[in-house]
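J.: Listed below, chain by chain, are the residues.
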Amino acid sequence: MPPIVAAPSGVTVVKVAGASKRFVIRKEKSLKERLVNMGRSRAHKDDFWALRDIDLEIHSGSTVGLIGPNGSGKSTLLKLIGGILQPTSGTVEHRGRLAALLELGAGFHPDLTGRENVYLNASILGLSRKQTSQFFDQIVAFSGIEPFIDTQVKFYSSGMYVRLAFAVSVHVDPDVLLVDEVLAVGDEPFQRKCMDRIRQFQAEGRTIILVTHGLDAVADLCDRAVVLEHGQIVLDGDPVDALRHLRADFEAMRQDDIDSQRDEAPQEIAQARVTGVSVTDPGGEPVTVIVPGAGLLVNVDVAVDGQVTDPVLGISIDSMLGQVVFGINTRLMGLRLDPMTGRSRHTFRLDDVRLGEGQYTIHAAIARDGGVELNRMLNGASLSVHSKGQSVGFLNVDTEFLSDQPRIRVD
Amino acid sequence: MTTQKDLRNERLAAEPLVPAGPVSGFVGGTADSVRGVWRYRELLDLLVKRELKSRYKDSALGFLWSLIRPLTQLLIYYIAIGQFLGAARSIPDFAIYIFTGLTAWGLFSDIISTGTGSIVANGGLVKKIYLPREVFPLSVIGSAIFNFVIQLVILVIAAILASEPPSLLGWGYVLLGTILLLIYATAAAFLLSAINVYLRDVQYLVEVALMVGFWLSPIVYAWSFVHDALHSDLLNNLYLANPVTLAVLAFQRGLWVAGAGVPQPTDLGLRIVIAVAIGLPILWLCQRVFARLQSNFAQEL
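Chain order of the listed sequences is A and B.
Mapping of the first sequence onto my numbering: position 395 corresponds to residue 395, and the numbering continues sequentially without gaps.
Mapping of the second sequence onto my numbering: position 46 corresponds to residue 1046, and the numbering continues sequentially without gaps.
What the hints contain is simulated information worked out from the structure, not anything from laboratory work.
Keep in mind it's a predicted model, so treat the numbers as computed, not measured.
Don't be surprised by glycine CBs; every beta carbon is placed ideally from N, CA and C.
Warning: the hint list may mix true and false statements.
Straight-line C-alpha distance at most 20 Å; calculated SDA-like pairs for lysine to any residue [unchecked claim]:
#1 B:1049 - B:1066
#2 B:1049 - B:1064
#3 A:15 - A:88
#4 A:130 - B:1049
#5 B:1057 - A:48
#6 A:15 - A:287
#7 A:15 - B:1121
#8 B:1053 - A:148
#9 B:1049 - B:1145
#10 A:15 - A:25
#11 B:1049 - A:109
#12 A:154 - B:1055
#13 B:1127 - A:57
#14 B:1053 - A:280
#15 A:15 - A:48
#16 A:130 - A:97
#17 B:1005 - A:148
#18 B:1049 - B:1121
#19 B:1127 - B:1066
#20 B:1049 - A:152
#21 A:130 - B:1145
#22 B:1057 - A:15
#23 A:15 - A:148
#24 B:1057 - B:1045
#25 B:1127 - A:24
#26 B:1005 - B:1015
#27 B:1053 - A:150
#28 A:15 - A:150
Simulated restraints, written as ranges between beta carbons of each label pair [to be verified]:
#29 B:1013 - A:48: 32 to 40 Å
#30 A:70 - B:1175: 54 to 62 Å
#31 A:48 - B:1004: 38 to 46 Å
#32 A:323 - B:1200: 45 to 53 Å
#33 A:57 - B:1203: 56 to 64 Å
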C-alpha cells in the first residue's frame, strides 16, 4: 500500500463556494450567420452546465485528485481554480502563489531556441528574469537536453519538447500547483524524475491539485480525491473510496454498452451474468482471512439465458485500489469450454496463495466467443491476508538472509 | 522538511484569500488591470522580443524586410502620384513628405491590424494559463514601435540630407503626434482584439477600414488639396477631427522641413491636445470593455 499521509491541518489555499459554470454553445460564429439568425437566436444556442454549485476547500500541503469520466467537468473546475475561466455564479478564491501545469509547452514558440523559450515560458509562469537565470542550469540539467538548448524548438522531438517544458514548470516555486493530465510524459526514467519531483513538492508542503484519468497515479500520489460526475461532486474523501466508486461507475457504463449492443442484436447474443463469487478453503469451508501460502477455492456462479458459445471464465485478485495483483482465465490456461447454458458453478483452485499482508477483493467475469466480455462482477468477494508482518508489498516470499560477514543477532 | 512545511503554512496563513482571475468591477478593476500588467512587464518585454525575433527568422534579409515594405510604398506613391499625377509639383521634397506620412500611418495601422488578431493568435496561452491578457495587444505595440523607430531614423537622416535637421519645436510636434497615435491605436487594439475573439469577422473588417483610413489622412496628398476642395468649415473641421490626420500633420510639420511655407491648418497644437484629452477616456473605456470581455476568452477561443 502506498503511504497515505493524513492531511495536515493546513490553511485553506483554495476555496470554491457555490461555483457554477455555464457554457453557451452557439452553432454559428460569423457575422452573416448571426445576422441571418438573429430573430431565431434562441434556437441556435444551447446551454450546458459544466459545473453546478461546487463547494470545495483545499488545505495547504494536501494532494488532491480531481477524477471523473470524460465531460464530468474536472478540467473546467481546474480552470476555474486557475482563474482561466470565470464562474457563471459563485466565487473562487485562492491564497499564495499559483502555478498551472496545464498542457506542457503551451507557451513555447517554435521559432525561438530552447534557451529563449525557457525564459519566455518561465516568465509566463510568473518567474522573473533574475530567478530564471538562477535556475537556468538546473532547468537544463533536469530536462537532459543540454546539447540542443540553442536549437530552435521546432526541430525538437516531441519528447524533448515536453521534457524542457516540464523542467521549466517544476522550477517555478508555487504554493499551489495545478496539474492537468501531464504526468505521463517522456520516457520511463524521465517519468520517474517527474514523480520524484512531485513527491519532493509534497514533502515541501506544497499543494497539488491533479486532474487525471490515470487512476493509479491518484492512488499513488493523492491523499484526497474528489469524484465529479455531470458537473457535480459525488464523492469527496479518501482516494481508495473514490477510486472504488469511480471504477464501479465505469463498470456500470461498460455494462450499459454491452446491454445496448445486445439490444441491437438480441437473438444472437445470450444474456449471461456472474451471479456470485465465493471463496473457500480447500475443504470447502468459507474463509475471509488466510495466511500467506494457503490454498483457496474461488467459486464462480454463472447464470446464462440462452447459450454462450466458446465461453471464457476469469477471476482476478485486486488490491483495494483496484490494481490487478493476480488474474487468470480459462483461455490463458489453454482450456476451451463447451457452450454454456442455464445456471452453473465453476471453481478455480489456487494452491499456495503467497499474497502479502493486506485487504484484497476478488472479481470474476464471463466472456463469449473467446473473449468478448459479457459480464463482470467487481468486488465479488473480499479476502484479508494476515502475515507475521515481516514484509511489505503484494507478495509474500519465504526469505532467508545470508552473509559472508558475521551474522547479526536476531532479537 | 517539517520546518519548511510549517514556514509555508505560516506564510500562507498571513496572506489573504484573493479571487482567482481578474477583478471584475467595471470601474474598480482599473487599478487591478494596471497592476497586473506591471507585474508581468518582464513577460511583455519577452513577448515583444519574441515577436521581433520570430518575425523574420530564417529569412536572409531579416530586419531589412521591415524597411523594404515602406520604401517600396514610398517609391510607388512617389512615381505614380508624385510624378504621373503631378502632386510633386506643388509639394516640395515630395519623397520626404510621403515617407513622413507613411511612418506615422505605419505605426497606427501596424498596431491595429496585428493587435486585432493578437488574442486569437495567442489562443493557446489564453486557454491554458491565467495572465493579464492585456499583455498580448500591448506586446504588439512594442514591436510596432520598434519598426517605427527604425523608419524614423531613416526619415531624419533623409531630412537632414535633403534640407536641414528638424527643429526642437518640430520634435515637439513629432512627440505629440506619436502620443496621439499610440493612445488611439492602443484603445482600438484593446477593443478590437477582444471583439475579434467573439466575432472573427472583425479582423477582415479592420483590413477594409484601414484601407479607407489611409486615404482619409493627408499622407500621399497635401492637406491644402482637401482644404480647397471642401468649401464648408464644418467639413474641414470634421476632416481635422480625425486623430490620425492630426498626427500625420504634426509629423509633417516636425520632419518635413521643406514644407514650412506650405499652408497648414491653424491651431494644430491645440487640436492635438484636445484629441489627446478625448483619447485618454476612450482608452480607459476600451480597456474596461476588454477587461469585461476577457472573462470569457478562454471558452470562446
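J.: Which of the numbered hints above does this structure break?
T.: 5, 6, 7, 10, 13, 14, 15, 17, 19, 21, 22, 23, 28, 33
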